[in-house]
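Sequence lines, in order, name chains A and B. All the letters of the first sequence, read from the start, carry residue numbers 1 to 138 under this note's numbering. All the letters of the second sequence, read from the start, carry residue numbers 1 to 138 under this note's numbering.
Calculated from the structure, these hints are not laboratory results. One or more hints might be untrue.
Treat identical chains as interchangeable: a pair holds within one or across any two.
[What the hints assert, rightly or not] List of simulated lysine-lysine pairs, DSS-like, C-alpha gap at most 25 angstroms:
no.	residue 1	residue 2
1	Lys89	Lys111
2	Lys111	Lys129
3	Lys49	Lys111
4	Lys89	Lys131
5	Lys89	Lys10
6	Lys133	Lys49
7	Lys10	Lys49
8	Lys111	Lys10
9	Lys131	Lys86
10	Lys10	Lys131
11	Lys131	Lys116
12	Lys116	Lys133
13	Lys86	Lys133
14	Lys86	Lys129
Only a predicted model underlies this, so the values are computations on that prediction, with no experimental measurement involved.
Each chain is listed here by its residues.
Number of protein chains: 2
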Amino acid sequence: MNSFRFDELKIGMRESFRAEVSSEKMHAFRELSGDCNPLHNDESYAREKGFRDKVAFGMLSSSFLSTLAGVYLPGEHSLIQSVEVKFLKPVYSGDSLLVSGEISEMNSTVKQIVLKVSMENQSGERVLKGKMKVIVNE
Amino acid sequence: MNSFRFDELKIGMRESFRAEVSSEKMHAFRELSGDCNPLHNDESYAREKGFRDKVAFGMLSSSFLSTLAGVYLPGEHSLIQSVEVKFLKPVYSGDSLLVSGEISEMNSTVKQIVLKVSMENQSGERVLKGKMKVIVNE
């Protein structure tokens with residue numbers, strides 16, 4: 001786990017890691033959230049809706065943003081203030097997501113960083129983009 | 001599960017439900033996301049940082065927004081396009097959150113609704129607010 005302090009961070013710093021979306025994680029997310037929508041649970045239903053398989057919960061992919069801030073950038077001293085995400089393409093069970101964040105703004109008065117975030121699948125398709133505001137609570 | 005079609009929806013329509021934050025859900029979210037940050041895992045660490053207990057993952061609370069759209073408003077035909085959340089106050093294990101959404105805008109060309117979302121804890125404190133754009137994919 002990284003433990004960057006505010007003074008060690010700079011605009012343009014980047015971190016990334018891979019996160020896997022599995023049927024076990026789909027099941028765990030359904031139990032956790034209570035979201036039993038068939039798009040995420042029933043393959044033939046999802047096909048009727050025009051997808052090639054059950055679609056992964058967007059908020060499951062978004063859970064990796066917690067890890068991006070809390071483990072990588074800034075890591076230990078992370079306190080997430082806000083998150084904005086756009087879902088660009090469907091994510092499926094079996095996908096391997098490259099989760100990336102880059103510091104785009106810094107506010108030294110409140111030790112806040114802004115991260116531009118992005119996720120790509122194993123085919124290099126961008127599936128998610130967004131922005132997070134994180135306090136470095138050192 | 002609700003199954004509202006676009007034509008059945010109106011600006012001002014609201015849905016809400018209660019969701020519990022438990023230590024089991026904290027554990028499940030940690031496994032799912034890989035976010036092993038001590039703020040969510042170590043009570044004495046969280047106290048040193050000024051909190052009264054381990055802080056629930058913001059993205060765990062946010063997972064209930066998946067349920068808000070996918071089960072309640074619009075329910076079955078939900079396809080979430082984007083989510084914006086601000087974390088206003090800490091959430092702790094044992095908290096019972098009232099998760100609410102209200103339709104604030106509708107775009108009939110693309111059958112998109114905008115939900116103003118909010119979460120309150122059992123003491124009536126607002127802990128999260130935000131906005132979601134959802135396609136009614138009927």
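To see whether the hints hold, each was checked on the structure:
no.	hint	in the structure
1	Lys89 - Lys111	between (33 angstroms within a copy, 18 angstroms between copies)
2	Lys111 - Lys129	both (23 angstroms within a copy, 22 angstroms between copies)
3	Lys49 - Lys111	between (45 angstroms within a copy, 15 angstroms between copies)
4	Lys89 - Lys131	both (17 angstroms within a copy, 20 angstroms between copies)
5	Lys89 - Lys10	neither (31 angstroms within a copy, 28 angstroms between copies)
6	Lys133 - Lys49	between (35 angstroms within a copy, 19 angstroms between copies)
7	Lys10 - Lys49	between (44 angstroms within a copy, 24 angstroms between copies)
8	Lys111 - Lys10	within (12 angstroms within a copy, 42 angstroms between copies)
9	Lys131 - Lys86	both (9 angstroms within a copy, 12 angstroms between copies)
10	Lys10 - Lys131	within (17 angstroms within a copy, 30 angstroms between copies)
11	Lys131 - Lys116	both (5 angstroms within a copy, 19 angstroms between copies)
12	Lys116 - Lys133	both (9 angstroms within a copy, 20 angstroms between copies)
13	Lys86 - Lys133	both (15 angstroms within a copy, 9 angstroms between copies)
14	Lys86 - Lys129	both (5 angstroms within a copy, 17 angstroms between copies)
The structure fails to meet hint 5 from the earlier list, while all remaining hints are met.
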